[in-house]
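> These protein sequences, in sequence, are chains S and D. If you read the first sequence in the working numbering, its first letter stands for residue 1, the second for the next number, and so on. If you read the second sequence in the working numbering, its first letter stands for residue 1001, the second for the next number, and so on.
Note that these hints are calculated values from the structure, not bench results. All C-beta atoms, glycine included, are put in the ideal place defined by N, C-alpha and C. Don't take each hint at face value.
As the list claims (entries may be wrong) - The following residues of chain S were derived to be distant from chain D, with all beta-carbon distances above 12 Å:
| # | residue |
| --- | --- |
| 1 | VAL11 |
| 2 | PRO18 |
| 3 | LYS69 |
| 4 | SER80 |
| 5 | SER86 |
| 6 | ASP95 |
Said to hold, decoys possible - Calculated lysine to aspartate or glutamate pairs in the EDC-like style (CA-CA distance at most 20 Å, straight line):
| # | chain 1 | residue 1 | chain 2 | residue 2 |
| --- | --- | --- | --- | --- |
| 7 | S | LYS111 | S | ASP85 |
| 8 | S | LYS49 | D | GLU1102 |
| 9 | S | LYS58 | D | GLU1102 |
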Amino acid sequence: AQSVAQPEDQVNVAEGNPLTVKCTYSVSGNPYLFWYVQYPNRGLQFLLKYITGDNLVKGSYGFEAEFNKSQTSFHLKKPSALVSDSALYFCAVRDEDNDMRFGAGTRLTVKP
Amino acid sequence: ETGVTQSPTHLIKTRGQQVTLRCSSQSGHNTVSWYQQALGQGPQFIFQYYREEENGRGNFPPRFSGLQFPNYSSELNVNALELDDSALYLCASSLSRGGGNEQFFGPGTRLTVL
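Sequences are here, hints too, so could you generate the full structure?
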């Protein structure tokens, strides 16, 4: 069965600095990988996905993620963080059986 | 905001009762998934419906059941409520059931079991 790990409960960065939120996964076949963001009292909002092709995936709000097959990682990145990026971020992996597994989440705090 | 709506927003029940949560999928989407998100955790997959048929199920007991209707809206039913069922229940719709289809989430229903 597939699984996903987000090794950091919390990430703190200063506004304007680059940010990285880490994710590693385990899946038996080809992975479908996703990043979602959750703001307080809201549902999850889709940011980006990797299915196949280019290892660098660009998504909403200036976020991007790099798929690394050898390290089984799919880290979320942004070159310049904004205070409004502060939220809870979830990595998710899906196999071909359509069972989507989410990580425990990483709370990103961007300080002015 | 996605086009996925859920009702009710909040619900308080007592142990042993039954509850029905509702979800309207985004226009054009034929697949609905349900998730349970306990406080401080990531969403846990309950089950998925594709064109009115169950298309996958997570590690939840049979007292969690669902339905999908011809208009692709969906219900989650939970019988014999337990205290640990207190959580945010999320519904997500997608264009189809294929693994690469992203899911669009509703705002959730906050269930409290006393």
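> Does each hint fit the structure? Answer for all of them.
Comparing the hints with the structure gives:
1. VAL11: Fine: 16 Å to the nearest Cβ keeps VAL11 of chain S off the interface.
2. PRO18: holds, 25 Å
3. LYS69: At about 16 Å from chain D, LYS69 of chain S clears the 12 Å cut-off, so the statement holds.
4. SER80: About 25 Å separates SER80 of chain S from the closest Cβ of chain D, which puts it past 12 Å; holds.
5. SER86: Label holds. Min Cβ-Cβ 17 Å, cutoff 12 Å.
6. ASP95: The assertion about ASP95 of chain S is violated, with a minimum of 7 Å to chain D.
7. S:LYS111 - S:ASP85: Distance of about 10 Å is within 20 Å: holds.
8. S:LYS49 - D:GLU1102: holds, 7 Å
9. S:LYS58 - D:GLU1102: holds, 14 Å
The structure fails hint 6 only (numbered hints given earlier).
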